[in-house]
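J.: Got chain A sorted already, so can you dock chain B onto it with the hints?
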Amino acid sequence: MSTRWYPIYQRGNPQLRVFLPNFWMKLVRPTEEQPANVVTFAVSTEMTKHDVKNYLEKIYKLPVVDVRTRIALGETKRDQTYGYVTKKDDVKYAYVTMPKTEAFTFPDIFVNKAEKQEKEEKSLDESKAGFRRFLDRNKKRPGTPGWYSI
Amino acid sequence: MSSTLIKCLNIAKTVGRVTFKNFLTASQNQLPSLSPAAVGGLLKCGVHTTAPVRNERLMEFFDDPKHWSENEVKVGRAWKADELRIKSNKELHQLWYILLKERNMLLTMEHECNDKMEIFPNPERIDKVKISMENLETVVRERNKAYHLLETGETGERPQRQVNNAFGLRCTYKSCEHVLPPFMNTKWIKSRNLAYGGRAVHKFLLKYREKLYNAKRKAKNRARNEVMMILRRNPNFDLELLKRKYADVDIDKLRRTDKTRGHFVPKVDA
Chain A
192 MSTRWYPIYQ RGNPQLRVFL PNFWMKLVRP TEEQPANVVT FAVSTEMTKH
242 DVKNYLEKIY KLPVVDVRTR IALGETKRDQ TYGYVTKKDD VKYAYVTMPK
292 TEAFTFPDIF VNKAEKQEKE EKSLDESKAG FRRFLDRNKK RPGTPGWYSI
Chain B
1115 MSSTLIKCLN IAKTVGRVTF KNFLTASQNQ LPSLSPAAVG GLLKCGVHTT
1165 APVRNERLME FFDDPKHWSE NEVKVGRAWK ADELRIKSNK ELHQLWYILL
1215 KERNMLLTME HECNDKMEIF PNPERIDKVK ISMENLETVV RERNKAYHLL
1265 ETGETGERPQ RQVNNAFGLR CTYKSCEHVL PPFMNTKWIK SRNLAYGGRA
1315 VHKFLLKYRE KLYNAKRKAK NRARNEVMMI LRRNPNFDLE LLKRKYADVD
1365 IDKLRRTDKT RGHFVPKVDA
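Which chain is which? The protein sequence lines are A and B, in order.
Sequence positions in the first sequence follow the working numbering and run 192 to 341.
Sequence positions in the second sequence follow the working numbering and run 1115 to 1384.
Don't read these hints as lab results, they were simulated from the structure.
Just so it is clear, the structure is predicted and the values come from calculations on it, not from any experiment.
For each residue, glycine too, the CB sits at the ideal point set by N, CA and C.
Any given hint might turn out to be false.
[As the list claims (entries may be wrong)] Below 25 Å or equal to it, Euclidean Cα-Cα: the simulated DSS-like pairs (lysine-lysine) are: (1) B:K1180 / A:K313; (2) B:K1188 / A:K313; (3) B:K1230 / A:K268; (4) A:K283 / B:K1244; (5) B:K1230 / A:K304; (6) B:K1244 / A:K279; (7) A:K279 / B:K1230; (8) A:K310 / B:K1244; (9) A:K244 / B:K1215; (10) A:K283 / B:K1215; (11) A:K304 / B:K1188; (12) B:K1188 / A:K252; (13) B:K1180 / A:K307.
[What the hints assert, rightly or not] Label-pair distances were calculated between CB atoms; the ranges are: (14) B:G1190 / A:W196: 31 to 37 Å; (15) A:S318 / B:R1199: 42 to 48 Å; (16) A:Y197 / B:F1318: 53 to 59 Å.
Pulled out of the complex, with its shape left as it was, chain A reads as follows (with noise of 0.2 Å):
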């Protein structure tokens, strides 16, 4: 439903669907160690364990043997200054087993971080350094155009 406003439950057909669900899962690195068949997932706090199920199932084609959710407390932060005290979101965290066919164990994204990064500093360096090029030729010069001369 696009209006988001959901019919109460009754028995029989046709079942109630969802045709544009607007919950959110994030694939989150987790901070114990786990099974190779087990994923955590931060998600929505208002889904299920059914909803999650069907939301990977259906979604995203990954076969679910078993989901167990918990809601982590956001954290109170009391401000030095002022005294008052912030909190941040709840968070509902999934834990999602899959077969045991199936692995998956979380990537590094950042392993040529240092690589690309050093790339990078050379290419600026080059430039900057054709420029103090270019401004000592013209020194003489002021104001001349980049073409002026080869």
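T.: Only chain B this time, still in chain A's reference frame:
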């Protein structure tokens, strides 16, 4: 360098074992003498490696690997409502799930970047997806409304009405379906707190209304003073424009007041 050796090096990086690394660098120096098969054989012999296991369906939660550790990811703009209006229901349905997956992917990447203290490239992508989803939903809602109006004469939207809450303030009450009719549903009657009263609430309302009234009064005075200053500094100001801009101010009356006259002797026609 052979592809197997590159793979080995990558694995060595992920594992980060010093001894293993040393061994591999040694093998790199004597590259011509070692065949890929030999390196593969060496790998198998008892060295424990935890190569990341990729699950194709779960990798949909991650960005394209070529965008990993990139500083900038170039993307297009969000879907506009007009573009979505010419799409069929089926196409919109498909697009919704594409957007949903994209949003999940972006949220996952953002979370991971925050965890690793890295910069998430182009965070406006999330906003673009959000705008697209909002537009899509408005289009679907328009169609829903049109269909309901045609078939039933009602909009099909969730019914809502204005009621007073416990503080005596107006708020919208969104109705929902119940199994029992209202007169039988005592639990619902008790739960909805629509009446208000008591000394504290009346005191609050008095002060609240005074606050509202003061805000209104100050706005009115400010507008009047602004008009007076304009007229004093610019005697030949366009009155039509003023009237249009300050609709609530009685400009003809203000022109007759002393304050709108400037500090100069008015010209008297001979």
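J.: Could you run down the list of hints and mark each one as holding or not?
T.: Now the hints, each set against the structure:
no.: 1; hint: B:K1180 / A:K313; result: holds (20 Å)
no.: 2; hint: B:K1188 / A:K313; result: holds (22 Å)
no.: 3; hint: B:K1230 / A:K268; result: holds (22 Å)
no.: 4; hint: A:K283 / B:K1244; result: holds (21 Å)
no.: 5; hint: B:K1230 / A:K304; result: holds (12 Å)
no.: 6; hint: B:K1244 / A:K279; result: holds (22 Å)
no.: 7; hint: A:K279 / B:K1230; result: holds (19 Å)
no.: 8; hint: A:K310 / B:K1244; result: violated (34 Å)
no.: 9; hint: A:K244 / B:K1215; result: holds (16 Å)
no.: 10; hint: A:K283 / B:K1215; result: holds (19 Å)
no.: 11; hint: A:K304 / B:K1188; result: holds (18 Å)
no.: 12; hint: B:K1188 / A:K252; result: violated (29 Å)
no.: 13; hint: B:K1180 / A:K307; result: holds (11 Å)
no.: 14; hint: B:G1190 / A:W196: 31 to 37 Å; result: holds (33 Å)
no.: 15; hint: A:S318 / B:R1199: 42 to 48 Å; result: holds (46 Å)
no.: 16; hint: A:Y197 / B:F1318: 53 to 59 Å; result: violated (36 Å)
Comparing the model with each earlier hint shows violations of hints 8, 12 and 16; every other hint is respected.
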